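Chemist: Quick one: dock chain against chain with the hints and give me the complex.
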Amino acid sequence: MSSRARAPLAALAGLGAAIVAFYGAPVWTTSAAAAALGDVPPPRFSDGMVRFDRAPGEKGYWSLPSASSLIEEGVSVKMDARGRLANLADASRVAPFQPWALALYQYRQKNDFVDDPMHECIGPGNPRAMLTPGGIRIIQDRNYNRVYILYGGGNHGWRVIFLDGRKPPDPDEVVGTFYGNAVGHWEGDTLVVESIGFNTRFWFSNGGLPHTEALHLTERFSRPSHDVLRYEVTIDDPRTYTRPWKSAWTFRWVPGDIAEYYCETGRP
Amino acid sequence: MRVLLMSLMLSVAAVGHAQEGFPLDGTWRGQRVAGTDTPVTIVMVLGWDGKTISGLIDPGPKSIQITKAELIPEGWRVKIEAHTKSGEAISFTGAIGKLGAYDRTITGTWIEGARSYRVRMVRE
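Protein chains in written order, with my numbering: chain A, 1 to 268; chain B, 1001 to 1124.
Just chain B, with the same shape it has in the complex (with noise of 0.2 Å):
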């Protein structure tokens, strides 16, 4: 029961979160996935300026800066570049999926050193 109630709340957390401004604004959840790896945890929180898109990578003390973020309107796609702590370069791409609800989505590719993983955010 205890359980079914969290799952309540948390449905009626996630609509009351809707938000129709800059598609990207926000906090995005999902897994990197590649081959029978276990598949790794991955949030962005991206925010906009009117001008120039930022945020973080799993924000927190092992937080990494996105060092260049672009939304291209055609086709939705997104490009998040970033680099880790120990300077691998990371390269995100991908296309932003049910655009027009609370839960969009961006699946794509996400490199990150010399390993590639496909990805599937949700936004919260």
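Isolated chain A (complex conformation) (with noise of 0.2 Å):
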């Protein structure tokens, strides 16, 4: 936070509410000064759409995030950090895969991912990129109806997703990217983004989970409170599992900036 900000902002908690410009309009209510002590209600612009980035004079990112690796919710199953099975028995459990795919996926597990693309520092893509370590941002840019996600790791990457009400391109069409292409909207507090367009240079989750270029992902986020960050995540690839599956994990807002930090050979 910088002197500049944190003036106004230590004068307004006193107040009990703070109404602090920033991007046009939009305001800061009420729980700044509370912010640090517990999870309050999360910040909101003036016409009350809650903010997923910091609020004007605070510093901090999302990250910590409570999985390693995607799983279908509702399954339980033991993994280490980087995604790998306890027990590989359990693999078939984690997803629903096709036998294709349940076969690459032991093979990846058995082989200790030697094969990652993030060893040759090849973009997480994406939603692994939700579960590398280095924290991610949430920039709601009002002007022109986009969010911007900046991402502390891999690759240090971006992505945007329109809400300016365009369609999704035909997937037929489309150039496959690391992030696909995604449209949002809004239900509520919670930002549904819908994506497509991805191409298969990536592993999309820690632990060598496969897809293909017919990856769809519906994501949700959401801000129950100050300090913690909704993703829930639908994957729907018919080529790689048998039905569409969901999986959810929380981030937790931490103080401070995002480490500059690059990827480099042989160190994901």
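Hints are computed from structural coordinates only; laboratory data are not their basis. Please read all numbers here as calculations on a predicted model, not as lab measurements. Warning: the hint list may mix true and false statements.
As the list claims (entries may be wrong) - List of simulated lysine-lysine pairs, DSS-like, C-alpha gap at most 25 Å:
id, chain 1, residue 1, chain 2, residue 2
1, A, 246, B, 1051
2, B, 1051, B, 1079
3, B, 1098, A, 110
4, B, 1079, B, 1068
5, B, 1062, B, 1098
6, B, 1098, B, 1085
Claimed, not checked - Computed beta-carbon distance windows for the label pairs:
id, chain 1, residue 1, chain 2, residue 2, range
7, B, 1120, A, 88, 56 to 62 Å
8, A, 174, B, 1101, 25 to 31 Å
9, B, 1099, A, 87, 20 to 26 Å
We put the CB at the ideal spot given by N, CA and C, even for glycine.
Modeler: Rendered as structure tokens:
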């Protein structure tokens, strides 16, 4: 937090409410000073829209994901921080694999991820980037109706989500990318994002879960409290999985800034 | 120098096409070899739609449609069937090697009519 921002915030906290102009007309109300103390309501813009990033005068980002790999919601299996299963026999429970996909997942697990593209500094793609250490920021650009997600890990990449009502591109025409083509909309306080158009140059989760170009992600971002971001993703890739499936985890709000970091070969 | 530059460009292009999805997806190139015969280049383009593997052998004016293809995860074995323009049966059975690499291989036996060939295909 800059000293320029901190001074007015301290004064406003004393009044019990803050109104700080930022990005046009948005406003930060109440909880600024209390935010560091624990779970308080999330900050909002003046029109009531929830903020996913720092409020004016704040410094922080999202990190410490509660999961290390995608795993179907409701399933409990032990795995380490890299997504390596404690018991390979649990592999079939992680997701509703097609037979080839299960065999490939097991192959990668057994080989201790030696072929992981991230070892060569190839980007994590989405949603693996949401699990990569380094933290994320979610910047709401309300002037252009876009959301930018900045990733502190992997290749220090970023992605854009269009909220301007545009239609997603034709899946047969789109050139596949690591983050796909994303369009979003709001459902109450939840940002819902649909992404298609992925390439297959990356593993889309720690642990080596496979995917194809048919991957379609539906992500739901919500901030139930100041310090918690809930992330839910539905994976629909009928060439890899027998049915759509969902995974979810949370992030914690971490005071400070994302540190500088660049991938170097052999050290993802 | 020109050859060196071209080689470098091709190697960069190959790395750029790494593919981590369905193991057979993509273009495969190799040679069928039998005895002292001059090796014959074979190109296969394979694709997976979630239920069926389809593709072409030697795409172009003389392309051959693959009629049946199968990937057996146990041992990563591959079976491909087709018919030449003259109606001879083609059967290719092999196994994927270097599964995790962008330039993975299929090594096996190509039977066309009454003749049998050794084949090693490399994914491009």
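Chemist: If a hint holds in the structure, say so; if it doesn't, say that too.
Modeler: We went through each hint and held it up to the structure:
no. : hint                       : verdict
1   : A:246 / B:1051             : holds, 22 Å
2   : B:1051 / B:1079            : holds, 15 Å
3   : B:1098 / A:110             : holds, 14 Å
4   : B:1079 / B:1068            : holds, 8 Å
5   : B:1062 / B:1098            : violated, 30 Å
6   : B:1098 / B:1085            : violated, 33 Å
7   : B:1120 / A:88: 56 to 62 Å  : violated, 31 Å
8   : A:174 / B:1101: 25 to 31 Å : holds, 27 Å
9   : B:1099 / A:87: 20 to 26 Å  : holds, 22 Å
Hints 5, 6 and 7 from the earlier list are contradicted by this structure; the remaining hints agree with it.
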